[in-house]
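Colleague: So the sequences go chain by chain: A and B.
Residue numbers for the first sequence, in the numbering used here: -19 to 321.
Residue numbers for the second sequence, in the numbering used here: -19 to 321.
One or more of the hints may lead you astray.
Where chains are identical, the list cannot tell them apart; a pair therefore holds if satisfied intra-copy or between any two copies.
[To be verified] In the DSSO-like style, the derived pairs of lysine-lysine whose C-alpha atoms are separated by at most 27 Å in a straight line are:
{"id": "1", "residue 1": "LYS47", "residue 2": "LYS(-11)"}
{"id": "2", "residue 1": "LYS47", "residue 2": "LYS12"}
{"id": "3", "residue 1": "LYS47", "residue 2": "LYS75"}
{"id": "4", "residue 1": "LYS12", "residue 2": "LYS75"}
{"id": "5", "residue 1": "LYS301", "residue 2": "LYS12"}
{"id": "6", "residue 1": "LYS75", "residue 2": "LYS301"}
{"id": "7", "residue 1": "LYS301", "residue 2": "LYS47"}
{"id": "8", "residue 1": "LYS(-11)", "residue 2": "LYS301"}
{"id": "9", "residue 1": "LYS12", "residue 2": "LYS114"}
Calculated directly from the structure, the hints in this document are not laboratory data.
Since the model is a prediction, treat every value here as computed from it, not as a measurement.
There are 2 protein chains.
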Amino acid sequence: MTRPAPPRKPPTMADVALATGVSPMTVSRAFKRDASVSDATREAILQAAEGLGYVFDATASTLRSQKTNFVAVTIPSINNANFADTVGGLSDGLKERGLQILLGYTNYDIVEEERLIEQLLRRRPEAIVVTGGKHTDRARRLLTNAGIPVIETWDLPSAPIGHVVGFSNALAVRGMVDHFVAVGYRRIAFIGGDAHRDTRGTDRRLGFIAAMQAHGLDATRLIAAGVPPISMREGADAMAHLLERLPDTEAVICVSDLSAFGALTECQRRGVLVPGQMAIGGFGNYEIGAICVPSLTTINPDPRGIGANTAALILDVIDSKRTDPAVIMLPPDLILRQSSR
Amino acid sequence: MTRPAPPRKPPTMADVALATGVSPMTVSRAFKRDASVSDATREAILQAAEGLGYVFDATASTLRSQKTNFVAVTIPSINNANFADTVGGLSDGLKERGLQILLGYTNYDIVEEERLIEQLLRRRPEAIVVTGGKHTDRARRLLTNAGIPVIETWDLPSAPIGHVVGFSNALAVRGMVDHFVAVGYRRIAFIGGDAHRDTRGTDRRLGFIAAMQAHGLDATRLIAAGVPPISMREGADAMAHLLERLPDTEAVICVSDLSAFGALTECQRRGVLVPGQMAIGGFGNYEIGAICVPSLTTINPDPRGIGANTAALILDVIDSKRTDPAVIMLPPDLILRQSSR
DNA sequence: ACAGGCAATGTTAACGATAACATAAACGAC
DNA sequence: GTCGTTTATGTTATCGTTAACATTGCCTGT
Chain A
-19 MTRPAPPRKP
-9 PTMADVALAT
1 GVSPMTVSRA
11 FKRDASVSDA
21 TREAILQAAE
31 GLGYVFDATA
41 STLRSQKTNF
51 VAVTIPSINN
61 ANFADTVGGL
71 SDGLKERGLQ
81 ILLGYTNYDI
91 VEEERLIEQL
101 LRRRPEAIVV
111 TGGKHTDRAR
121 RLLTNAGIPV
131 IETWDLPSAP
141 IGHVVGFSNA
151 LAVRGMVDHF
161 VAVGYRRIAF
171 IGGDAHRDTR
181 GTDRRLGFIA
191 AMQAHGLDAT
201 RLIAAGVPPI
211 SMREGADAMA
221 HLLERLPDTE
231 AVICVSDLSA
241 FGALTECQRR
251 GVLVPGQMAI
261 GGFGNYEIGA
271 ICVPSLTTIN
281 PDPRGIGANT
291 AALILDVIDS
301 KRTDPAVIML
311 PPDLILRQSS
321 R
Chain B
-19 MTRPAPPRKP
-9 PTMADVALAT
1 GVSPMTVSRA
11 FKRDASVSDA
21 TREAILQAAE
31 GLGYVFDATA
41 STLRSQKTNF
51 VAVTIPSINN
61 ANFADTVGGL
71 SDGLKERGLQ
81 ILLGYTNYDI
91 VEEERLIEQL
101 LRRRPEAIVV
111 TGGKHTDRAR
121 RLLTNAGIPV
131 IETWDLPSAP
141 IGHVVGFSNA
151 LAVRGMVDHF
161 VAVGYRRIAF
171 IGGDAHRDTR
181 GTDRRLGFIA
191 AMQAHGLDAT
201 RLIAAGVPPI
211 SMREGADAMA
221 HLLERLPDTE
231 AVICVSDLSA
241 FGALTECQRR
251 GVLVPGQMAI
261 GGFGNYEIGA
271 ICVPSLTTIN
281 PDPRGIGANT
291 AALILDVIDS
301 KRTDPAVIML
311 PPDLILRQSS
321 R
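Could you build all of it, start to finish, from the sequences and the hints given here?
Modeller: As structure tokens, then:
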């Protein structure tokens, strides 16, 4: 009379304890770092655990200890080298402490961001990192009341919720405008998206306009190239548009290196010399800008540095080494390359 | 006599229940979709919850119901448009069911992958998706014993652990070699990384060698360009190397579009005409290949499709609509563009 | 008018770990 | 040799939610 194989529930610490002849508490200690368990006992426990196929249950641990070891992170898009670098820096900085990243993306939409933040907070992260400083009212409330460290990145919010690790997108673009003007360009255009979804892109356009006006120059050569975030294709289309409508333009600043590269290729297709007939500037210091011919003048916002600083900040706050809201600014570098010589 | 503000523990369902005058169980039901609660009661509960600043505790829910609503995913690198697209397709397909992605990256290292898999399994995901079919023995064991659906992607493992959603990297490259030969190229080189870290890259190189030999052609023009995954810079370096050492080479197939683009720029810097003097093929159908001048012949492995199919498969398995291990092949497309005309 | 059914809600115990406290044994200082 | 201290381990109760079962009341059909 053979029974059907029982559904065989996965083993728990109690099973490991039974197999080793100790109490569950000792098993629990054996899986911690600093706990006081004799080497022999720990060895026996871990071996029994491996033999039984026991896998630590982080959920139960979390519920009792009220520590999830999660850090929640929202980024606009997972498919973006800049944000990926920030997550990389963050992840590396948190790894040694056993903090795991719970990642979500908002698709550049603050309503989606609100939904995402709520979902993430349900997992009770130890801290939450959001990209950007613009949120729905409810999202702000959720973050404020979450009772955990909140870090806004990639931006310089006028009214920060908690901590900030970022920079001013507008000021960064101003630096590039200043450079272009100093080199002698006057009829300068800006290529960006056509909506306010991408707030960092919008800030860059506003920074462009303000900087041009500060120089007493015409700030109306604005090409809106499609729904943000715009990429290579839209950059190329925008350059086509620009060359047809405003052919006397001498230089163009693009909202990103990707659109700048697209714009560059359109010049190549049309035989427009870069930088001879058209100078180009980008934003973001993507790899492509360093490799393409001609290489692209750009702004390096140090995405990995943002992530690394955010990680360090989180650890300091968790260790109570820091109690007041921090505002960490990482001034972006202007990188001069062939496209604006 | 003012007391110091109490640490004010975050409200629980019991608090919401008290505030609404119902039992905690009814509050629990109000937060579910299908549960039987009257509209009036649910409304009152949700309003009270919002007023108290209550946030659902997914950890406790998970522990009791044994459902985490997590799907674990490992990718080699977060900073890669192909894998990002796969995660995007996966995420979109799982979102409607409330399944959240728990993402980790292995840095192209199967030892790191093992560590990561163990970490992820501790969170008790409903399913686990791994990139690639090569794992450490212990990782294989962990996956096999996890008791959840396992899906290997982006590959065609010889001995699958569970389900597979992928394609043969070797066969895909063979298709490109066949094309190059048909068009008349004979002295064809391959540019890739110099180690076995990136198993998909290695498979592509092996596919190249096999295909060349099948045509009776010299398969020794192999340029190793650095630690995988190689990118634009390494592609440029490799092309420089190739042009100096094997100047009679007529065409080159690169392990990725990124290295192919780097190789292309090196040709541009040296005045080597593409495709006139050197034809180039890439892999991955990255955006850059469609935009650059000349545009790049490439292979489209349909990363988003891999993600979407994986999501659909996971839902089918969870719903028990499918019980046997699935092997879903998405044959990559060869995309012919200017760089190999 | 009453059985049967369904909708809305309540009660109890449990998910699997560990914080907090308790205890036993070993060790050293004087 | 006694006492305090440290080390290794055990016991009990609990984290916040929900599965499973129980109950109440209202509606429907005959």
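Colleague: Each hint should be assessed against the structure and marked as holding or not.
Modeller: Verification of the hints:
Taking identical chains as interchangeable, the C-alpha atoms of LYS47 and LYS(-11) lie at most 27 Å apart whether they share a chain (25 Å) or sit on different chains (14 Å). In this assembly of identical chains, LYS47 and LYS12 lie within 27 Å of each other by CA distance both inside one copy and across copies; the values are 13 Å within and 25 Å between. Taking the shortest alpha-carbon separations for LYS47 and LYS75, both the intra-copy value of 15 Å and the inter-copy value of 26 Å come in at or below 27 Å. Taking the closest pair of Cα atoms, LYS12 and LYS75 come within 27 Å of each other only inside a single copy of the chain (16 Å); across copies the shortest separation is 34 Å, beyond that limit.
In this assembly of identical chains, the alpha carbons of LYS301 and LYS12 lie at most 27 Å apart only when taken from the same copy (24 Å versus 40 Å across copies). For the homomeric pair LYS75 and LYS301, the shortest alpha-carbon distance inside one copy (19 Å) is at most 27 Å, but the shortest distance between copies (38 Å) is not. In this assembly of identical chains, the alpha carbons of LYS301 and LYS47 lie at most 27 Å apart only when taken from the same copy (19 Å versus 37 Å across copies). For the identical chains of this complex, LYS(-11) and LYS301 are inter-copy neighbours only, at 22 Å across copies versus 43 Å inside a copy, given an alpha-carbon limit of 27 Å.
Taking the shortest alpha-carbon separations for LYS12 and LYS114, neither the intra-copy value of 40 Å nor the inter-copy value of 30 Å comes in at or below 27 Å.
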